[in-house]
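Chains as they are written, first to last, in this note's numbering: chain Z, 144 to 318; chain E, 29 to 670.
Note that these hints are calculated values from the structure, not bench results. All residues carry an ideal CB built from backbone N, CA and C; glycine is no exception. A hint or two may mislead.
[Stated by the list, open to error] Covered stretches of chain Z, going by a simulated chain E footprint (3 or more residues, C-beta under 8 Å):
no.	region
1	191 to 200
2	210 to 216
[Stated by the list, open to error] A few chain Z positions that, by computed beta-carbon distances, are all more than 12 Å from chain E:
no.	residue
3	Ala-164
4	Gly-207
5	Cys-219
6	Ile-223
7	Ala-224
8	Ala-231
9	Ile-239
10	Gln-252
11	Ala-253
12	Ala-256
13	Arg-257
14	Ala-263
15	Ile-275
16	Asp-306
17	Lys-313
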Amino acid sequence: MRRVLIWAPLALFALVFALVASGILQPADRTVRSAMVGKPLPGLDMKPLLATKPGIATADFARGKPRLLNVFGSWCIPCIAEAPQLLALKRAGVEIDAIAIRDTPEAVQAFLARNGDPYARIGDDPTGKAQIALGSSGVPETFLIDGRGRIIDQHIGDIRAEDVPAILRKLEAAK
Amino acid sequence: MIAESGLAALWLATGFALMQVMLAWGAARGADSNGAPMVMKALRRVAIVQGLLALGAFGLLVTLFVQSDMSVLLVIENSHSMKPLIYKVAGAWGNHEGSMLLWVTVLAVSGAGVALFEKRLAPATLAATLGAQAAIAIGFYAFLAFASNPFLRVNPPAPDGQGLNPLLQDPGLAFHPPTLYLGYVGLSVAFSFAVGALLMRDVGPAFARAMRPWVLGAWIFLTIGITAGSYWAYYELGWGGWWFWDPVENASLMPWLAATALLHSVSVLATRDGLRAWTVMLAVVAFSMSMIGTFLVRSGILVSVHAFAVDPTRGTFILGLLGLYIGGALALFGARIGTVKQGATFELVSREGALVLNNLLLSVILGVVFIGTLYPLVAAAAGVQLSIGAPFFEKAAVPVGLALVAATACGPLLKWRRDQWKALLGKLLAPVVVAGVIFAVAFALAGAEHWMAVLALGLAAGLAVASVLPLVRRNLRRTPIAIWGMVVAHLGIAVSISGMAADSAFKSERLAAIAVGQSVTVGPYRIELVEMRPVVGPNWSALEAHLKATRSGGAPFDLFPQQRFFANPPTNTNEAAIATKFDGQLYAVIGQGDGQGRWQLRLWWKPFVTLIWLGGALIALGGLLALIGRVRRERRDAENDA
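Can you make the complete structure from the sequences, with help from the hints?
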C-alpha cells in the first residue's frame with residue numbers, strides 16, 4: 144500500500160503530462176459549428192431591409208436551385224474583405240441571399256454602394272433572432288442551401304479567394 | 029548595444045548556472061573532504077553572480093522599454109513612445125518573452141538569496157539545494173535563448189510601437205505580475221530544498237526551518253498577488269464580480285492552496301519532527317503547481333484570456349521542461365522517501381492532528397480546482413467540447429472551504445502532541461455562541477435561499493472570535509511575533525469570508541435603460557442619470573455618465589462611469605465607477621445607448637464587499653509578521669550556535 148502511495152503522484156503527473164502533450168500535438172478545433180447543418184432551414188420570415196429588394200422566407204429556398212445565404216452586417220470589417228469573393232460567386236451564376244444583422248437601411252445602402260451588391264434578397268434581422276435560429280455565431284458566415292431548402296454546409300468567417308472553387312463545387316454537387 | 033549586452037548577460041548566467049550544478053555536485057559528494065569549505069564558498073559566490081547576471085539582463089530589458097528602442101521587436105510589439113513611463117516599464121513584463129525573463133530572474137535571485145543567507149543547514153544539503161535551483165534555471169535560460177529571445181532586433185527599426193493592451197494600462201496591474209511571480213518562483217526554493225533534502229536523505233527539522241521563511245515569503249507575495257488581481261478584475265472588467273474561476277485565476281489559487289498547506293505542515297516538521305514525507309511532497313507539489321499554472325494557461329491549450337504564447341514549439345519545449353523537473357522530482361520522491369524514517373507521531377486530538385486536517389481539506393480543495401481546470405482538456409481528448417464554470421467550483425469547493433474555516437478555528441486552541449476533546453469544547457464556547465447568533469440574524473435577513481452564504485457568515489464570525497483566543501491571558505508584549513502573525517492571518521480569513529458571504533447573500537443588482545433626467549433604485553440607493561458627456565484622457569477618449577446617488581437621509585454624491593476608447597491598439601474598455609461606503613460599495617457601469625436617448629445602466633449595491641480584500645491584506649500582514657518572527661528567531665538561534 145505504501146509503495147503504491149509513494150508512486151501515485153508520479154503516475155498522476157504522467158497522466159496529466161500525456162493529456163497536455165496530446166493537447167499540444169492536436170490542438171482542439173474551437174470553431175462552433177451550427178447544429179443545423181444537414182437539416183432543413185428553420186422557419187424564417189424576415190421583412191425586407193431595403194425597399195428595392197425582397198425580404199427572406201424559408202419557402203424561397205425550396206425552388207430547385209441551390210443558393211447561398213450570407214449572414215453579414217454593414218458594421219462588420221471582414222464582411223468588406225469577403226465582398227469581392229461574393230461578387231465573383233455572383234458572376235459565376237450563384238444566387239446569394241443575405242441576412243443583415245442589427246443593421247439600418249441607410250448603412251446597408253452605403254455598404255453596398257462601396258463594396259458592390261451581390262445580393263438577390265436581404266432580410267432584416269434587427270435583434271439577431273434569425274441568426275440564432277440558424278445556429279450562426281458571428282458575421283460573416285455563409286450557409287449553402289440545396290434546392291430543397293436543406294442546409295448542406297456552413298462557411299464560418301470571410302470567404303477567401305481560395306475558398307471560391309470549393310463552394311462552387313459543393314453547389315454543383317447539390318443540384 | 030543594450031539588447032546585445034542583455035543577451036550576453038543571459039548566456040553568461042547560463043554558464044554560471046552550469047558551473048553551479050557542477051560545483052554543487054562536487055560539494056555534495058565530497059562534503060567530508062578537506063577542500064569542502066572552499067568548494068562551498070565558490071558555490072555560494074557562483075550562485076550570487078548568476079543571480080546578479082539575470083537581474084542585469086532584466087534591468088537592460090526594462091531600459092530598452094523606457095528608452096522606447098524601436099529596433100527591438102518586443103518593444104515594438106508591446107510599447108509605444110507616447111505611453112506614460114510606468115506603462116513603458118510594465119510593458120517589459122506584460123508579454124510572453126519579458127515575463128519569462130522576469131520569471132527566470134526571480135528564480136536566479138532567489139537562488140542567490142539562499143546562497144547568501146542560509147547559514148544553518150548541513151553543507152551537503154545546501155549544496156544539493158543550490159544545484160537543484162541552478163538546474164531549473166538552466167532549462168528556462170535555454171527556453172529564453174532558443175524559443176523566446178526577448179532581445180531580438182529588427183532591421184529597419186519601426187517608426188513607433190503598437191502599444192500595450194489598454195486593459196493592462198492600470199497602475200495596479202503594472203505590479204500584479206511581478207508580485208505573483210515572486211510568489212510562484214519563490215516556491216522554487218522550497219522545491220529545491222525538498223530535492224536537496226531527498227538527494228542527501230536529510231529530511232528533518234533543520235531542513236524545515238531552512239525552508240520555512242522562503243515558503244512564508246512566497247506565500248505572502250502570492251496572497252498579495254491574488255488579492256490585488258481579484259480587485260483589479262473587480263473594478264477594471266466592469267462585470268461586478270471579484271472571482272471568475274478563470275484558468276489563470278485558478279492557476280494562481282492552486283499554488284497558494286498548496287503553499288498554505290505547506291506552511292502549516294512545515295511547522296509540524298520544524299517544531300515536532302512529524303509529517304516528513306508529506307511536507308516534502310507538498311514542497312514539490314507547490315512549485316509544480318506554480319509551473320503548471322504559469323505555463324499551461326499560457327500554452328493556449330486551455331482557453332483563457334491570459335494566453336500569451338499560442339505557439340506549438342514553445343508549448344512543446346515548456347512541456348519537456350515540466351516533464352523533466354516535475355517528473356524528475358516525483359521520481360526522486362518515489363525512490364528516496366522509503367528510506368526516510370518515520371517522524372514523530374501524535375494523537376488525533378492535538379495541534380498536529382488539526383494541522384493534518386487543515387492539510388487534507390486544503391488538498392481536497394486543490395484537487396477540486398485542479399480537476400475543474402483541467403477537465404476541459406480531458407473532455408477534449410474524448411472529443412467533447414465543454415467548459416467548467418463557477419457553479420462546479422462553488423458546489424464542490426465551498427462546502428470543503430467551510431469545513432476548513434471550522435478547522436481553522438479549532439487548530440490554534442489545541443496543544444501540541446495531545447489534548448482533550450473537553451478542553452477544546454470549553455474553549456470553543458464563545459466562538460460557537462457568536463457563530464450561532466450571527467447565523468440566526470443573517471438567516472432571518474437573507475432567508476433560506478442563501479443558506480450557504482449565511483452559514484459562511486456564521487462560521488466566519490465564529491472564526492473571528494476563535495482566532496484572537498490564543499492571545500487571551502497572555503502577556504501581549506511578550507507574545508512571540510509569530511503568534512501575532514497567526515492570529516492576524518486567521519482573523520484575515522474570517523474577515524475575507526465575511527465579505528464574500530455578505531456580497532453573495534445581500535447584494536442587489538439592477539439593469540436598466542434610462543434617459544437623462546430619469547432615475548432607478550438599487551439597494552438603499554436612488555440613482556439619477558444627470559448627464560452624458562464626452563471626456564478626453566492622455567491616450568483615450570470616453571463617453572462619461574454623470575450619476576447622482578442618494579440614500580434616504582444621506583447627502584447625494586456623484587458617480588462617473590465611463591466607456592473608454594483607446595486608439596493604440598483600438599479597444600473599448602468599461603471604467604466602472606465605484607463608491608466605497610462604510611457598509612459596502614455602489615458599483616455602476618454605463619453601457620450602450622439605444623439611439624433614442626436611453627442608456628444602458630448596470631448597478632450593484634454590494635454590502636461589505638470590501639472586506640474580501642481587507643481580509644486578504646490582513647492575511648498577507650499576518651504572513652509578514654510570522655516571517656519577521658521566524659527570521660529573528662533563526663538569527664538568535666544562529667548566534668547561539670556560534
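Checklist line | Enumerated hints in conflict with the structure, sorted upward | finding: Violated hints: 1, 2 and 3; rest satisfied.
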